[in-house]
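Those sequence lines, one after another, are chains A and B. Going by the UniProt record's numbering, the first sequence opens with residue 1, and the numbers climb by one from there. Going by the UniProt record's numbering, the second sequence opens with residue 1, and the numbers climb by one from there.
These aren't lab readings, by the way, just hints derived from the structure by calculation. Treat the hints with care, since some could be wrong.
Pairs of lysine to aspartate or glutamate residues, derived as DMTMM-like cross-links and limited to a Cα-Cα distance of at most 20 Å, are as follows [stated by the list, open to error]:
| # | chain 1 | residue 1 | chain 2 | residue 2 |
| --- | --- | --- | --- | --- |
| 1 | B | 107 | B | 46 |
| 2 | A | 33 | A | 103 |
| 3 | A | 107 | B | 156 |
| 4 | B | 107 | A | 158 |
| 5 | A | 107 | B | 159 |
| 6 | A | 107 | A | 46 |
| 7 | B | 33 | B | 58 |
| 8 | B | 107 | A | 156 |
| 9 | A | 107 | A | 147 |
| 10 | A | 33 | A | 100 |
| 11 | B | 107 | A | 159 |
| 12 | B | 33 | B | 17 |
| 13 | A | 107 | B | 158 |
| 14 | B | 107 | B | 34 |
| 15 | A | 33 | A | 98 |
| 16 | B | 33 | B | 13 |
Residues from chain B shown here face chain A by an in silico Cβ test under 7 Å; the list is partial [stated by the list, open to error]:
| # | residue |
| --- | --- |
| 17 | 93 |
| 18 | 96 |
| 19 | 106 |
| 20 | 140 |
| 21 | 144 |
| 22 | 147 |
| 23 | 148 |
| 24 | 169 |
| 25 | 171 |
| 26 | 176 |
Fair warning: this is a prediction, and the values are worked out from it, not measured in the lab. Beta carbons: idealized from backbone N, C-alpha and C, even for Gly.
If you want the building blocks of each chain, they are given just below.
Number of protein chains: 2
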Amino acid sequence: MFAERGFHGASVEDICERAGFTRGAFYSNFGSKDELVLALFQATTDRLLEQIEALLPELASQPGTLLDAVLGLLDETAPDQRQWHLISAEFTLHALRDPEAAEALNKQRAMFRESLTRLVEQITETSGLELTVPAEQFVRMVIAVHEGARSQSLLEPDDVPAGTLEHTFLPMVLEAVSRPSR
Amino acid sequence: MFAERGFHGASVEDICERAGFTRGAFYSNFGSKDELVLALFQATTDRLLEQIEALLPELASQPGTLLDAVLGLLDETAPDQRQWHLISAEFTLHALRDPEAAEALNKQRAMFRESLTRLVEQITETSGLELTVPAEQFVRMVIAVHEGARSQSLLEPDDVPAGTLEHTFLPMVLEAVSRPSR
Numbered sequence: 001m002f003a004e005r006g007f008h009g010a011s012v013e014d015i016c017e018r019a020g021f022t023r024g025a026f027y028s029n030f031g032s033k034d035e036l037v038l039a040l041f042q043a044t045t046d047r048l049l050e051q052i053e054a055l056l057p058e059l060a061s062q063p064g065t066l067l068d069a070v071l072g073l074l075d076e077t078a079p080d081q082r083q084w085h086l087i088s089a090e091f092t093l094h095a096l097r098d099p100e101a102a103e104a105l106n107k108q109r110a111m112f113r114e115s116l117t118r119l120v121e122q123i124t125e126t127s128g129l130e131l132t133v134p135a136e137q138f139v140r141m142v143i144a145v146h147e148g149a150r151s152q153s154l155l156e157p158d159d160v161p162a163g164t165l166e167h168t169f170l171p172m173v174l175e176a177v178s179r180p181s182r
Numbered sequence: 001m002f003a004e005r006g007f008h009g010a011s012v013e014d015i016c017e018r019a020g021f022t023r024g025a026f027y028s029n030f031g032s033k034d035e036l037v038l039a040l041f042q043a044t045t046d047r048l049l050e051q052i053e054a055l056l057p058e059l060a061s062q063p064g065t066l067l068d069a070v071l072g073l074l075d076e077t078a079p080d081q082r083q084w085h086l087i088s089a090e091f092t093l094h095a096l097r098d099p100e101a102a103e104a105l106n107k108q109r110a111m112f113r114e115s116l117t118r119l120v121e122q123i124t125e126t127s128g129l130e131l132t133v134p135a136e137q138f139v140r141m142v143i144a145v146h147e148g149a150r151s152q153s154l155l156e157p158d159d160v161p162a163g164t165l166e167h168t169f170l171p172m173v174l175e176a177v178s179r180p181s182r
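Okay, chain A solo, but in the shape it has when bound (with noise of 0.2 Å):
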C-alpha cells in the first residue's frame, strides 16, 4: 500500500484492508503509520544483516569476495528494490519534515549502521586488513552509493542495470581504503 499509493496516500483503513485486519488490531501493534514503517526497516535490515554474517565464515579471508557477496545480495532482492525504494525514499521525505520521524528514523539507521560497521570491522581483521578512514565512514559510503545509484537504476533499468555502480567503484573505494595491516 505504501508503494502503491504514497506514504501519506495510504491510510490505516486502506493498509488494514489489504491485510485482512481490523483498525484495532493495528493500533495494537503499531501507535501509527510511522511505527509500521520503522517496523518493515527494522524486519529488512535485520534479514540483511543475517544474510550477511552467514556468509561470514566462507569468505572472510577475500575481502573483495565479500564485498562482491554482499552485493550480491542486495542485487537478489532486486525484485523488491522498486518497492521498498518507494517506501524507504518516501519516508526520508517525511522525516525530513517531522523531527519526530527524523529522530526515529535516524536512531533505526544508526543501529543499523553500527550492525554493519561491526561486520565491516570484523571482516577487515580476519583477513589482515585495516581501514585508513574509520569503518563507520565507509558503511556511510556504501550506503550512500547504493541508495543513489538505486534511484538511477529504477529511472533507467535499461541503462543502469541495478548493482552496476555499485560492483564498478566500491571494490575500488575499498582498495583505496584498506592496507596490510602490521
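Using the hints provided, position chain B relative to the given structure of chain A.
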C-alpha cells in the same frame, strides 16, 4: 511551495498565490506542475554547469583540485540543498510511478549528465590523464554519491556535514579510475 507541501500537496493555486501570478499566467508558461519542476531542474543544472565551466581555465591542469572545487560549488549551494533535495527526491518518486514524468526527467538528467561528461573528458584530456572507465560511468557515480550523501547530511547534519562523504571518497575514486595518458 513544493518543498513546503510536497509535489502533490502544492497546488497550482498555491504556487500562483505565492508567486503573485494568475492561473492564466501559469498555464501560458507551463503545461503542468511537472513542467514547472523540470524548468526548475533545468535552471539549477544550467547554473551549476556554468559555474563549473568558469572554473576550468584556472584549474584544468589540476584535476584533484578541480574535483574539490566542483564539490565546493555543491557545498556553496548548501543553504538551498534541503529545499532542492525535497523537490528533486519527490519528483523522482513521482517519476517512478508515472512513465510520462519518468521520460521527461530521464531526458533532462541525460542532458545534464552529457554536459558533465564532456567537462570531465575535457579536464582529463587537458591534464594528461585518461579514465579507465567510461567518463559517463564516473559521472553517474559522482551523482549517486552526491544524492545518497545529501540524504544522510540532511537527516544528520551534525554527524555528516554537507560534502563530507564526497570530499573523503570521490578523490580516491578519481585516483583509482585515472592514469597518465600515453
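Here is how each hint holds up against the structure:
1. With a CA separation close to 14 Å, the supplied pair residue 107 of chain B and residue 46 of chain B stays within the 20 Å bound.
2. Straight-line distance between C-alpha atoms of residue 33 of chain A and residue 103 of chain A comes to about 15 Å, which keeps the hinted pair within the 20 Å bound.
3. For the suggested pair residue 107 of chain A and residue 156 of chain B, the alpha carbons sit about 11 Å apart, so the restraint of at most 20 Å is met.
4. Taken as a hint, the residue 107 of chain B and residue 158 of chain A pair is honoured in the structure, with Cα atoms around 14 Å apart against an allowance of 20 Å.
5. For the suggested pair residue 107 of chain A and residue 159 of chain B, the alpha carbons sit about 13 Å apart, so the restraint of at most 20 Å is met.
6. A C-alpha spacing of about 15 Å is found between residue 107 of chain A and residue 46 of chain A, which places the hinted pair at or below 20 Å, so the restraint holds.
7. At roughly 40 Å between alpha-carbon atoms, residue 33 of chain B and residue 58 of chain B are farther apart than 20 Å, so this suggested pair is violated.
8. Note on residue 107 of chain B and residue 156 of chain A: the hinted pairing holds, with a Cα-Cα distance of about 11 Å set against a maximum of 20 Å.
9. Taken as a hint, the residue 107 of chain A and residue 147 of chain A pair is honoured in the structure, with Cα atoms around 18 Å apart against an allowance of 20 Å.
10. Of the supplied pair hints, the one linking residue 33 of chain A and residue 100 of chain A holds, its CA atoms being roughly 13 Å apart against a limit of 20 Å.
11. Annotation: proposed proximity of residue 107 of chain B to residue 159 of chain A holds, straight-line Cα distance about 13 Å (limit 20 Å).
12. For a cut-off of 20 Å, the pair hint linking residue 33 of chain B to residue 17 of chain B stands: about 14 Å separates their Cα positions.
13. Proposed proximity of residue 107 of chain A and residue 158 of chain B is supported: the alpha carbons are some 14 Å apart, at most 20 Å.
14. For the proposed pair residue 107 of chain B and residue 34 of chain B, the alpha carbon gap of about 13 Å is at most 20 Å, so the pair holds.
15. The straight-line distance between the Cα atoms of residue 33 of chain A and residue 98 of chain A is roughly 13 Å, inside the 20 Å bound, and the hint therefore holds.
16. Restraint check: the Cα-Cα separation between residue 33 of chain B and residue 13 of chain B comes to about 11 Å, which is no more than 20 Å; the hinted pair holds.
17. For residue 93 of chain B, the interface hint holds, since its Cβ comes within 7 Å of a Cβ in chain A; the closest pair sits about 6 Å apart.
18. The interface hint given for residue 96 of chain B holds, since its Cβ lies 6 Å from the closest Cβ of chain A, which is under the 7 Å cut-off.
19. Satisfaction of the interface hint for residue 106 of chain B is found here, the shortest Cβ-Cβ separation to chain A being roughly 6 Å, below the 7 Å cut-off.
20. Taken as an interface hint, residue 140 of chain B checks out: its beta carbon lies about 6 Å from the nearest beta carbon of chain A, inside 7 Å.
21. With its C-beta approaching chain A no nearer than about 3 Å, residue 144 of chain B sits inside the 7 Å limit, and its interface hint holds.
22. A least Cβ separation of about 4 Å between residue 147 of chain B and chain A falls short of the 7 Å threshold, and the interface hint therefore holds.
23. The restraint placing residue 148 of chain B at the interface with chain A holds, with a minimum CB-CB distance near 3 Å, inside the 7 Å limit.
24. Because the closest C-beta pair between residue 169 of chain B and chain A is about 5 Å apart, less than 7 Å, the hint holds.
25. The interface hint given for residue 171 of chain B is broken, as the beta carbon of that residue sits about 9 Å from the closest beta carbon of chain A, more than 7 Å.
26. Taken as an interface hint, residue 176 of chain B checks out: its beta carbon lies about 4 Å from the nearest beta carbon of chain A, inside 7 Å.
Of the numbered hints listed earlier, those contradicted by the structure are 7 and 25.
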